[in-house]
Amino acid sequence: MARLACSPLRAAVGVLALAGLTVLAAPPARALAATPVPVLTSISAAHYVNYDQLIFHFAGALPARHTAGYVSQLPATGPGPGVTAAGSALLLVTFSPASGIDSQGHLTYGPAQRTYALPGVIQVVTVQDSQGVIQMGVGLASDEPYQVLVLPHSDEVVVKVDTPQPTAVIQDYFVNSRIVFGTAVTRPVDRLVRQPATPADALQRLFAGPTQAELASGLRFVSSGATGITQLTIQDGVAQVHLAGSCNSGGSAATVATEIVPTLRQFPSVQWVKIYDPAGDTQEHTGDTDSIPLCLKPSAVDVWTASHGGLILLALLIVVGIGILLGVVLTALSLVAGLAQRPDLITASAYQIARVNARPVATGQFRPDVAWPFYPLRQVRADLARVEAERRARYGRLWKWPFNLLVWILFAPLSVTVMLCLLVAGLTTLLLVGLFALVMWACAGVSAMVFGVFVVLLRGAEGVWHTRMRTAASCPHCYHITPRPAYHCPGCRRLHRDVRPGRLGLFTRRCTCGTLLPTMVLRAAWHLEAVCQRCNKPLRAGSAALRDVRVPIFGETSAGKTRFLYAGLDSLIDTTASADIPFGFPDEESQDQATVALGLIRSGRDTVKTSQTLPTALTCRVGKGPGSTLVHLFDTAGENYKDAQLHDSLGYLDRGHCLVYVLDPFSVGAVRDRLAAQNGKVSEMAHAAAGDPEIAYTEVVSRLRDSGVKAAEQRLAIVVSKADLLIAGGIEPPEDSAAIADWLSQMGVHNLVLSARREFSDVRYFTVASLAATEASRAHNPGAPLRWLLACLGVRLPAEPEQADSTRAPRGPHRPDGAQPAKDPTAKAEL
Amino acid sequence: MRINQTPPTYVAFRATAVAITVLVLLLFGLGMQGLGPLHSLGPATSNVTGWLHANTGVSNR
Numbered sequence: 001m002a003r004l005a006c007s008p009l010r011a012a013v014g015v016l017a018l019a020g021l022t023v024l025a026a027p028p029a030r031a032l033a034a035t036p037v038p039v040l041t042s043i044s045a046a047h048y049v050n051y052d053q054l055i056f057h058f059a060g061a062l063p064a065r066h067t068a069g070y071v072s073q074l075p076a077t078g079p080g081p082g083v084t085a086a087g088s089a090l091l092l093v094t095f096s097p098a099s100g101i102d103s104q105g106h107l108t109y110g111p112a113q114r115t116y117a118l119p120g121v122i123q124v125v126t127v128q129d130s131q132g133v134i135q136m137g138v139g140l141a142s143d144e145p146y147q148v149l150v151l152p153h154s155d156e157v158v159v160k161v162d163t164p165q166p167t168a169v170i171q172d173y174f175v176n177s178r179i180v181f182g183t184a185v186t187r188p189v190d191r192l193v194r195q196p197a198t199p200a201d202a203l204q205r206l207f208a209g210p211t212q213a214e215l216a217s218g219l220r221f222v223s224s225g226a227t228g229i230t231q232l233t234i235q236d237g238v239a240q241v242h243l244a245g246s247c248n249s250g251g252s253a254a255t256v257a258t259e260i261v262p263t264l265r266q267f268p269s270v271q272w273v274k275i276y277d278p279a280g281d282t283q284e285h286t287g288d289t290d291s292i293p294l295c296l297k298p299s300a301v302d303v304w305t306a307s308h309g310g311l312i313l314l315a316l317l318i319v320v321g322i323g324i325l326l327g328v329v330l331t332a333l334s335l336v337a338g339l340a341q342r343p344d345l346i347t348a349s350a351y352q353i354a355r356v357n358a359r360p361v362a363t364g365q366f367r368p369d370v371a372w373p374f375y376p377l378r379q380v381r382a383d384l385a386r387v388e389a390e391r392r393a394r395y396g397r398l399w400k401w402p403f404n405l406l407v408w409i410l411f412a413p414l415s416v417t418v419m420l421c422l423l424v425a426g427l428t429t430l431l432l433v434g435l436f437a438l439v440m441w442a443c444a445g446v447s448a449m450v451f452g453v454f455v456v457l458l459r460g461a462e463g464v465w466h467t468r469m470r471t472a473a474s475c476p477h478c479y480h481i482t483p484r485p486a487y488h489c490p491g492c493r494r495l496h497r498d499v500r501p502g503r504l505g506l507f508t509r510r511c512t513c514g515t516l517l518p519t520m521v522l523r524a525a526w527h528l529e530a531v532c533q534r535c536n537k538p539l540r541a542g543s544a545a546l547r548d549v550r551v552p553i554f555g556e557t558s559a560g561k562t563r564f565l566y567a568g569l570d571s572l573i574d575t576t577a578s579a580d581i582p583f584g585f586p587d588e589e590s591q592d593q594a595t596v597a598l599g600l601i602r603s604g605r606d607t608v609k610t611s612q613t614l615p616t617a618l619t620c621r622v623g624k625g626p627g628s629t630l631v632h633l634f635d636t637a638g639e640n641y642k643d644a645q646l647h648d649s650l651g652y653l654d655r656g657h658c659l660v661y662v663l664d665p666f667s668v669g670a671v672r673d674r675l676a677a678q679n680g681k682v683s684e685m686a687h688a689a690a691g692d693p694e695i696a697y698t699e700v701v702s703r704l705r706d707s708g709v710k711a712a713e714q715r716l717a718i719v720v721s722k723a724d725l726l727i728a729g730g731i732e733p734p735e736d737s738a739a740i741a742d743w744l745s746q747m748g749v750h751n752l753v754l755s756a757r758r759e760f761s762d763v764r765y766f767t768v769a770s771l772a773a774t775e776a777s778r779a780h781n782p783g784a785p786l787r788w789l790l791a792c793l794g795v796r797l798p799a800e801p802e803q804a805d806s807t808r809a810p811r812g813p814h815r816p817d818g819a820q821p822a823k824d825p826t827a828k829a830e831l
Numbered sequence: 832m833r834i835n836q837t838p839p840t841y842v843a844f845r846a847t848a849v850a851i852t853v854l855v856l857l858l859f860g861l862g863m864q865g866l867g868p869l870h871s872l873g874p875a876t877s878n879v880t881g882w883l884h885a886n887t888g889v890s891n892r
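First to last, the sequence lines map onto chains A and B. Mind the numbering: the first sequence is residues 1 to 831 in the numbering used here, read in order. Mind the numbering: the second sequence is residues 832 to 892 in the numbering used here, read in order.
If you're looking for bench data, these hints aren't it; they were derived computationally from the structure. Hints may be right or wrong, so weigh each one.
Said to hold, decoys possible - Selected chain A positions facing chain B (Cβ under 8 angstroms, derived; list incomplete): (1) L314; (2) L325; (3) V329; (4) L333; (5) L377; (6) D383; (7) L435; (8) M440; (9) C792; (10) R796; (11) P798.
Stated by the list, open to error - Partial list, derived from the structure: chain A residues whose beta carbon lies under 8 angstroms from chain B: (12) N176; (13) R178; (14) I179; (15) I234; (16) G237; (17) V238; (18) G310; (19) V320; (20) L339; (21) W372; (22) V439.
It should be emphasised that the depicted structure is a prediction, and the values quoted were computed from it without experimental measurement. Even glycine gets a Cβ: it sits at the ideal position worked out from N, Cα and C.
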């Protein structure tokens with residue numbers, strides 16, 4: 001059973017092993033298919049003692065077969081006549097398989113015909129390079145013995161051709177293609193030949209053409225249609241050369257005769273050279289003179305050009321040089337005049353007009369500010385236009401010389417020269433000004449891109465600052481609120497209404513008077529005088545750069561709003577002083593207002609009745625540095641809430657962050673009744689508000705609702721004032737917010753309590769004394785509502801001033817010792 | 832008088848543009864001599880000057 005079970009397994013293993021061996025042993029079919037054909041990469045030749053060596057270099061491997069042999073003529077590979085190689089003997093070398101053509105059809109080994117300056121090897125030509133066979137024809141000086149060798153471990157096939165005779169150096173003259181003008185158009189090159197050197201050898205090498213290096217140096221063989229010579233005889237110093245093929249000079253002064261004559265004259269036996277065309281004609285058959293056939297005679301123009309062309313070219317060079325110099329000077333003068341002396345300046349006013357014309361100012365909009373624009377925006381075009389105008393004007397003036405057409409005609413050669421010079425100068429100025437314009441636009445483009453990125457970054461940074469810090473510019477006069485106020489230029493008092501990074505400047509802008517103004521509101525707030533965008537009245541210092549808190553205080557006439565405001569302010573000053581928080585007034589108006597009113601409060605006297613004119617905010621600054629807060633306190637007469645027109649003017653109500661409603665408890669009927677029963681004198685002292693306490697509240701809430709203000713997102717502090725008088729009258733008002741609400745409901749103002757709870761997001765009740773904060777009235781501190789509101793808005797203050805500094809001496813008439821505080825908090829803070 | 836009104840940034844821009852233009856011309860000139868970042872212009876210039884020298888005898892050396 002075990003053997004039976006093992007048999008299939010053994011068979012499977014055997015099959016797998018056999019398959020593996022088969023795979024390992026099998027020839028790599030793909031490798032065979034991809035065996036590369038040897039590629040001929042280069043051909044080189046050199047002369048050594050007694051032999052010339054011709055080397056064929058292959059890449060990859062050597063051709064499997066290579067043969068060589070003398071032939072009478074090179075085989076033709078196509079229907080036409082085959083190629084031939086210069087030389088007295090032809091050696092045909094064959095390689096197979098081999099290729100000399102790359103995938104793009106180019107020869108991999110260089111030119112198909114190349115000449116060598118060697119005594120044996122004269123020329124190598126490609127006979128065939130197709131179907132895996134390369135045939136090279138080698139033109140030799142004579143049919144000397146040769147060897148074909150393959151060096152071990154080498155990719156080269158070497159053909160050695162014996163050169164047993166000693167060698168001599170002769171010269172062949174080829175046309176220098178770099179010389180267009182002048183008579184010396186040929187240049188001699190050396191050729192090694194067998195001794196003795198003969199004129200026939202020289203002509204044979206001449207018709208073989210220049211070597212590769214000579215071709216690179218500009219030498220060319222001009223055949224004039226001749227393919228060789230049929231006969232060369234030298235007799236009595238006269239060499240007679242009969243050309244083969246055809247004969248045509250093509251009008252050129254450089255012909256095959258130009259090369260043959262000096263080549264033959266190097267031999268002492270040759271004094272004169274007579275060249276015959278294939279038909280056997282020449283111009284001077286006899287006589288001691290050189291002669292060429294008519295077919296090689298150059299045209300008169302060519303002869304003249306050959307003799308005078310160089311001079312003309314030199315003159316042209318001088319004229320062109322003067323023209324270029326003139327163009328450079330003209331360009332420099334135009335640049336100086338256009339950019340420095342008479343620039344077309346796009347002034348601030350002109351730029352403003354251009355902007356208004358481009359985009360007319362709509363009703364309710366302000367005209368663009370008058371400041372110098374960013375250079376690339378407009379001035380680049382103006383500068384380039386000015387430079388071009390200067391260039392044209394200067395260049396045009398040059399053309400007016402010598403002012404008279406007749407003079408131009410009379411002095412035609414001079415005029416033509418001057419015209420050429422001016423044309424070159426004009427072209428030069430065009431090129432230079434064009435280059436300058438290109439550079440200007442490139443600079444402008446790059447700087448505009450960088451500028452734009454910075455504008456976005458700076459505006460974004462300022463926007464983030466505004467959002468995070470809740471900064472704004474509140475006008476204390478017209479209650480207009482804007483993120484960016486207008487600023488007066490300190491130099492000319494001109495108003496700049498759109499101060500921000502932009503086309504008028506990145507970090508600073510230059511007013512039309514030349515004064516530099518900061519463009520960031522965060523800097524402008526401290527260096528410039530800010531004014532309201534709407535009423536043009538001055539704003540508080542630091543507006544739009546600091547956190548802006550607006551606290552409207554409203555209530556019935558004689559409700560105690562003003563006393564609460566200043567008593568609360570007094571408490572706030574104490575709070576900040578005890579916590580060592582800087583406090584002050586950013587403007588003299590607020591400073592004076594606070595000084596007078598706080599004096600009254602601290603002395604226990606009555607405050608002056610609030611004027612019915614629209615209130616100017618009392619602004620104080622809490623904190624130091626950029627993190628401080630401007631607190632605007634708005635107080636208006638209670639009568640204003642009843643006057644429909646004035647009520648509409650109380651715009652600050654709509655823009656407050658929170659509201660303070662002051663409720664006079666003595667205007668509540670239930671309270672009055674209780675006091676009348678207990679102490680009627682107190683009621684007289686309270687100067688109770690005459691109206692219903694719910695009326696002013698209802699008016700304000702209705703106004704907020706009508707104005708679209710979301711009261712549900714606002715906080716409301718309901719302040720029950722005159723708590724000290726309530727206590728004096730025998731009524732102890734509660735201190736807790738909920739208890740106060742309940743107490744008010746019990747006193748009959750439950751509608752107000754219910755409405756406030758329904759309308760506002762957060763409602764807090766306070767009972768405050770109408771006096772300055774004292775030890776005795778600590779329980780009903782008038783600063784508590786303000787502290788609560790400011791704390792809700794992110795202004796960090798200690799909860800109670802007494803907790804922070806319990807040793808502080810009381811002030812005003814309530815101080816038992818009459819001592820003055822350590823520092824006067826009402827003094828204008830140096831913030 | 833008028834140039835005094837020109838903001839300094841304008842003058843800086845103009846001066847920079849002129850300086851860059853001159854620099855480009857200098858680099859071009861050096862390149863024709865086979866020097867600097869535009870040295871590839873050298874061979875072409877050499878051919879031209881060689882041709883001019885061959886035909887006129889004028890040399891820049």
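Evaluated hints:
1. L314: holds (4 angstroms)
2. L325: Violated, because the Cβ-Cβ distance from L325 (chain A) to chain B comes to roughly 14 angstroms (cut-off 8 angstroms).
3. V329: At about 14 angstroms, which exceeds the 8 angstroms cut-off, the nearest Cβ of chain B leaves the hint on V329 (chain A) violated.
4. L333: violated (13 angstroms)
5. L377: Violated - the Cβ of L377 (chain A) stays beyond 8 angstroms from chain B, reaching only about 11 angstroms at its closest.
6. D383: holds (7 angstroms)
7. L435: holds (6 angstroms)
8. M440: Result: holds, 5 angstroms to nearest chain B Cβ.
9. C792: With a minimum Cβ separation of about 47 angstroms from chain B (threshold 8 angstroms), the hint on C792 (chain A) is violated.
10. R796: violated (43 angstroms)
11. P798: violated (50 angstroms)
12. N176: With a minimum Cβ separation of about 7 angstroms from chain B (threshold 8 angstroms), the hint on N176 (chain A) holds.
13. R178: holds (5 angstroms)
14. I179: holds (5 angstroms)
15. I234: Cβ of I234 (chain A) sits 33 angstroms from chain B, so the hint is violated.
16. G237: Hint on G237 (chain A): violated, closest Cβ of chain B at ~33 angstroms, above 8 angstroms.
17. V238: violated (33 angstroms)
18. G310: Where the cut-off is 8 angstroms and the nearest Cβ of chain B is about 5 angstroms from G310 (chain A), the hint holds.
19. V320: Cβ of V320 (chain A) sits 11 angstroms from chain B, so the hint is violated.
20. L339: L339 (chain A) check passes; min Cβ-Cβ to chain B is 5 angstroms, inside 8 angstroms.
21. W372: holds (5 angstroms)
22. V439: Result: holds, 5 angstroms to nearest chain B Cβ.
Checked against the numbered hints given earlier, this structure breaks hints 2, 3, 4, 5, 9, 10, 11, 15, 16, 17 and 19; the rest are met.
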